[in-house]
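If you read the sequences in order, they're chains A and B. For what it's worth, my numbering labels the leading residue of the first sequence as 201, then goes sequentially. For what it's worth, my numbering labels the leading residue of the second sequence as 3, then goes sequentially.
In case anyone wonders, no lab produced these hints; they're calculated from the structure. Please note that the accuracy of each hint is not assured.
Label pairs and their computed distance ranges (CB to CB) [said to hold, decoys possible]:
1. A949(B) with L420(A): 33 to 41 Å
2. K899(B) with P343(A): 33 to 41 Å
3. D969(B) with M453(A): 51 to 59 Å
4. A546(A) with A949(B): 38 to 46 Å
5. A703(B) with E452(A): 25 to 33 Å
Chain A side only, calculated, beta carbon under 10 Å to chain B, not exhaustive [as the list claims (entries may be wrong)]:
6. V259
7. L339
8. H411
9. R413
10. P590
Only some residues are given here: those of chain A computed to face chain B with a beta carbon under 7 Å [unchecked claim]:
11. T258
12. G262
13. P269
14. A271
15. W272
16. L330
17. W338
18. R353
19. V357
20. I445
21. A597
22. G604
23. D608
Yeah, the Cβ is synthetic: ideal placement off N, Cα and C, and Gly gets one too.
Single-letter residue listing:
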Amino acid sequence: MAEPQRDALIDTAFGYASLGERIAATVLSGSRTGWLLLLAGFTTLSLLFLYTIMLVFTVGVGVLGLNIPVAWGFPIVNVVWWLGIGHAGTLISAILVQLRQDWRNSVNRFAEAMTIFAAGIAGLFPVLHLGRPWFAYWLVPYPATMEIWPQWRSPLVWDFFAIATYITVSVLFWYTGLVPDLATMRDRAKPRWAKRIYGVLCLGWRGAHSHWRRFRTAYLVMAALATPLVVSVHSVIALDFATTIVPGYHSEMFPPYFVAGAIFSGFAMVLTITIPLRRWLRLEAVITTRHLDIMAKTMLAAGLVVVYAYLVEHFVIWYVGDEYERYMALNRILGPYACAWWGTMAINAGVTQLLWSKRIRTSPAILFCVAIVLNVGMWLERYLIVLSSPHRGYLPAAWDTESGTMIDWLMLLGSLGLFFALLTLLLRWIPAVSIYEVKELLHERREEG
Amino acid sequence: MTDTNEGKRRGELWRGTTTPRAPLAPPTDRRTFLKLAGWSALAGGAAACTPRSPEELVPYVDMPEHVVPGRPTYYATTLLREGYGYGAIVETREGRPIKIDGNPGHPATLGASDAVLQAELMQLYDPDRSRTPLHDGTPRSLDALAADLATLRERLLKSGGRGLRVLTPPVTSPTQAARLGALLDSFPEARWHQWHALARDAAITGSRIAFGRAVDITTRMDRADVIVQLDGDFLAEGPAHLAHAADFSSRRRPGPGMLRLWVMESTPGLAGAAADHTLVVPQPRVVRLALALAAELGLAVPAAEGLSPRERRWVAACARDLAEHRGRALVLAGDPQPPAVHALAHWLNAALDAPGRTLEWRDPALARPEPVIESLTALAEDMHRGEVDALVVIDGDPAYDAPADLRFAEGLERVSTVIHHGLYVDATARRADWHVPLAHDLESWGDARAFDGSVSLQQPLVEPLHASLPRLALPEMLMGRWPRSDREVVAAHWEARLGGESAEPWKAALRAGIVAGTASSSVDVVPRPSAIRDALAETPGNADAPAPVLQFRADPHVSDGRYASNAWLQELPRPLTKLTWDNALLISPAMAERMGIGDEEVLRVSTGQATIEAPAWVLPGMPDEALTIWLGHGRAIRSGGEGDSLADGVGVDAYPLRTTGALFARTGIDVEPVGRRYALAATQHHHRMEGREPVRRMTLAEVLDGRDHAPQGDEHPSLYPEPVPAPFDVDAPQWGMAVDLNACTGCMACTAACQAENNIPVVGKRQVRAGREMHWIRVDRYYEGDADAPRTLFQPVPCQHCENAPCEYVCPTGATQHDSEGLNVMVYNRCIGTRDCSQNCPYKVRRFNFVEYNYGAQEAELLSALRNPDVTVRSRGVMEKCTYCIQRISRARRQAKIEDRPIADGDVVTACQQACPTGAIVFGDVSDPESAVSRAKNHPLDYALLAELNTRPRTTYRARVRNPHPDLEENDSSGGDKAHG
């Protein structure tokens, strides 16, 4: 199969059937050894995650790097980071479908899966960070005997609803989009049990015109429902910080700033996954360099918004003239967390600029490296915000520093392991690329061509 | 755990009704009460291993008098420290002592306390205390001990007690002194020696030089206008320090005639921090400055040489101030200074007309005032000569704390019978033939004199927790008068004076905790200038001492090592260093810079004979070319319970460097970095105010000029309507607190008292290092000015109980709420531990149980007995903080309801307020304009911390006011540079 043209979204040399075969083959056949090795590696890391969770549950959050001025640490950094990663998936699936950006068809499937896994993992961290995680359900307004409800003024309660809604809608949306392909899988599956499972999951899909019509409507409705979530979830997360009076947290700009950062890091993660995936599954013809180019451009745009947010944040601090805010800003640059500040700036404001170059945007290897670095940069940014702000608050006598313990790092590593283990599993069971949507793309291109 | 301990845990701790103790206020009602389980288990076990006669143990079938479940009973008693008595009121619950506070009627405490007094409670329950007699390290019964002592007695009787030596701390107790006297009568050849590592030898010798006899000083600081301290720390050391603090602070109220304090010090202390002018010099140099001061005041003393211009100016201004306040001036010499300086201080005081006005010379409170170093040296020499046959060490650990050149531990090997009677299986106990557990002061009968000679009685609050013997027991055994209860011994001693045990004077003395009219009489003595001059001429220090100087000081909390395994004291931040758990070589910033070292870098200090390695700690206000190390660390204790002693691996033992000739300072040392670091756990990491002015300062001149408002922060106008403050509910009192920063000396008594009152766990060094200490009230310490001679500011910070509390709105479960009385309350049961409240607290006063901090206490069953039953013990994952002692508020409210009256001002006293020796903390109803706290808050110097945040804290502060001498206006306001972290 010839390499498609550089700016093509799909290789028009495909036939509908061969395209379907090509994608479905990644699920139903192919080399198992590589997959098993990968799965084994990621599962081992997941076990590490389990181990750290056990520690936190049995010993307490004291195993993590937390103290009194800095009572929020890695778990909160991880919540924000993982949720941010999820955002790209929602953006790709919900907003772009409404904007009729057809390039999304090739990447939306695993971008959405990524969203669900990332949001799920993100949803674990607020619980892991609790002193008494077994009472996490107290954030739910259930009919308690004592008639106690959550305290609605607390942004943490809003948070709970934001994340819960986000995960629910993401799962439903992803599943809705999956239905036609599940039918394809039902048709292709050889074992009886597999046929049966796919058959149940595809809700009796037969590809009838009426099915397609209803499916389109439902899908658009779901997209419309998911769209505000792209903005709302991270805005609410940002309110956890913005509603406090902690210098460094207390900023009206946080919601849009967080959303931009989320999209930025989300696309970085999509690229981090896509680039090796398309190579490994030989999907270069389906996910073309044009896709990479477009995603890199989106990332660049989001990145520029983030840089703008940095500028505005510092300008506002200077302009308002609050001594505590000013000290906080200077202290980030020169104080104990200076490494995180300079690292954040070098990566998010510096490395991002590489994406102006089309050569870099369309060269998968370099783009992959850039994406990984940007992921780190966005993690650092959240680390900087969460840890450096409270460490030097209002009273100098209460100042102290905090950084992660070994358990913190293992937990982060373990959560990455779980994330990739889930993705690896998914690749075996569900088409990595939406078959019907790429076929549709192919059809459109042929019409145009 | 044996059956005995099981029984003890369940409730045998109270003393039966047959023990005629006298509570403070007899209870008015009785209630029936269920018999406590486990009594029978105790009866067998306890009788087997304690000397108490079984008939004194009464089952809990009938409720004992004075014990009402749920209601505290208070007893007056006395705790001993360095031999001196500190009168205390002890709160007991169902027979368990749970809180110690000062006795308002006792001159040494005046109702206040210090950290050590608070922590004596922990000492009582300390799981490391030895629990059973040991013979050559093997547990034996007290009967076996008695039998062995009877044999020893037979042996000694034949020789008239030849070779029998008794070693005690300095004794003020009339009974103990009399009984030791009786022992010496029955064994004429026996000798009684005294030793305490921190005994005030120089004061005794100094008075002998000045007057030819031992004389005690008692001060009347409330009559003084000017006080000059020649080294030492009158606010922290010595048996009168609490009385000093109270008197001193009474004259520090800003206004005309405010007392001015001048302090020369060789190691930063509380007095230096409180002073208006502090001169920092190495210890040997103080002599020279004292001479210069005396010369300026016209005394004929040897000329002082080599003073720097700054020192000259300082001394001249100080002398002028003293001269201008003749009759209202006072000069104090510190314990670390040589006797000649003490003698000179007597002379100066006489010259300033102080006697009879700001001080009194009195007969010593000690039964046998003598320089203990001479007493111990004589004993050690006799031991080495093999002249000691039997040595009885009562309440001491000389093998640990004796000066190194006496080689005391070696000497012990030449003594055929060593009997150690102490709280711990320590270095001496391990070298002794017999170790006998010592009953804690709260388990014993006794008596002691306060610094002014006033006698107070000691009555036990609880049956001995272990198979221990009281302090008075061993001499009685040696005299063949055993078994005899310590109560009989004390009562017999006071029979003549107070009547029998049934007589009213005895009961009154027990009830009040003080025997009226026992203060020593003042003596009419006149200093002898020639003798003082001779002594000064012989005292080195006028020449330049070879640098550097190594100075020994008692650990501010652990003392000479007596409290080395006391968890509360080990974890209580030291007032100036804010260090916990370890000692360190304190070093000045300038010297550290010259040596190119920083905090935690290990230094090797060698004297030729001995070497220690200890981490450095840079302390602003340390004199240059001097190092200070605290004594009392590195003590080897074998825990009486299971596992290691708490003192294991804590700090470095500095006693090996201490010799008879250099008890408080020595020269001729080599200091070099080892190139290794040792982690220290401090609770404060930043030491400057960064222009934020949490502590507002003014000078007296500014106050008198009418600039009498505490400098307020910038006003921030707002376009928004003010958030609704919690309205004053007219029916409910509104609680508030005012803290007078001018009165606060930074002594940490409030933190210790809070820990005892509120069941605050000890978290250990690693957790403190991680920044997770749990103290509900911390005392912030800031430096201002030159790092080598900084001004030190203290600020106690409890929960501010904001009316617009930032912690409340962020809690997702509503676990922190406002109540109708304006308290910001924590609902522990509802807390899930998001810690958002702490993140949003600008004062950072919230404390979190990151792990289960009570496991240790659960394992050591003894420790569960010291819990305050009115206060919830918090589990892991729960936020906690200062509650304004809500349990005490609740108790006052219940009492007021019973009596059908409103809560009166003063009904609620918080634990920190109660402990504070200077009355710096005032608490009460702020909605009542007449209440003490309202009056304090209406003071023009009152301000709210971080008021610009509009949190409307209920805790406010009164600005610190300095009273500098007009000739010495220092303009050094450059920032100190101890900034790390």
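Quick rundown of the hints versus the structure:
{"no.": "1", "hint": "A949(B) with L420(A): 33 to 41 Å", "in the structure": "violated (55 Å)"}
{"no.": "2", "hint": "K899(B) with P343(A): 33 to 41 Å", "in the structure": "holds (35 Å)"}
{"no.": "3", "hint": "D969(B) with M453(A): 51 to 59 Å", "in the structure": "holds (55 Å)"}
{"no.": "4", "hint": "A546(A) with A949(B): 38 to 46 Å", "in the structure": "holds (40 Å)"}
{"no.": "5", "hint": "A703(B) with E452(A): 25 to 33 Å", "in the structure": "violated (45 Å)"}
{"no.": "6", "hint": "V259", "in the structure": "holds (6 Å)"}
{"no.": "7", "hint": "L339", "in the structure": "holds (5 Å)"}
{"no.": "8", "hint": "H411", "in the structure": "violated (44 Å)"}
{"no.": "9", "hint": "R413", "in the structure": "violated (44 Å)"}
{"no.": "10", "hint": "P590", "in the structure": "holds (6 Å)"}
{"no.": "11", "hint": "T258", "in the structure": "violated (10 Å)"}
{"no.": "12", "hint": "G262", "in the structure": "holds (3 Å)"}
{"no.": "13", "hint": "P269", "in the structure": "holds (5 Å)"}
{"no.": "14", "hint": "A271", "in the structure": "holds (4 Å)"}
{"no.": "15", "hint": "W272", "in the structure": "holds (6 Å)"}
{"no.": "16", "hint": "L330", "in the structure": "holds (5 Å)"}
{"no.": "17", "hint": "W338", "in the structure": "holds (5 Å)"}
{"no.": "18", "hint": "R353", "in the structure": "holds (4 Å)"}
{"no.": "19", "hint": "V357", "in the structure": "holds (5 Å)"}
{"no.": "20", "hint": "I445", "in the structure": "holds (5 Å)"}
{"no.": "21", "hint": "A597", "in the structure": "holds (3 Å)"}
{"no.": "22", "hint": "G604", "in the structure": "violated (12 Å)"}
{"no.": "23", "hint": "D608", "in the structure": "violated (13 Å)"}
Consistency note: the structure conflicts with the earlier hints numbered 1, 5, 8, 9, 11, 22, 23.
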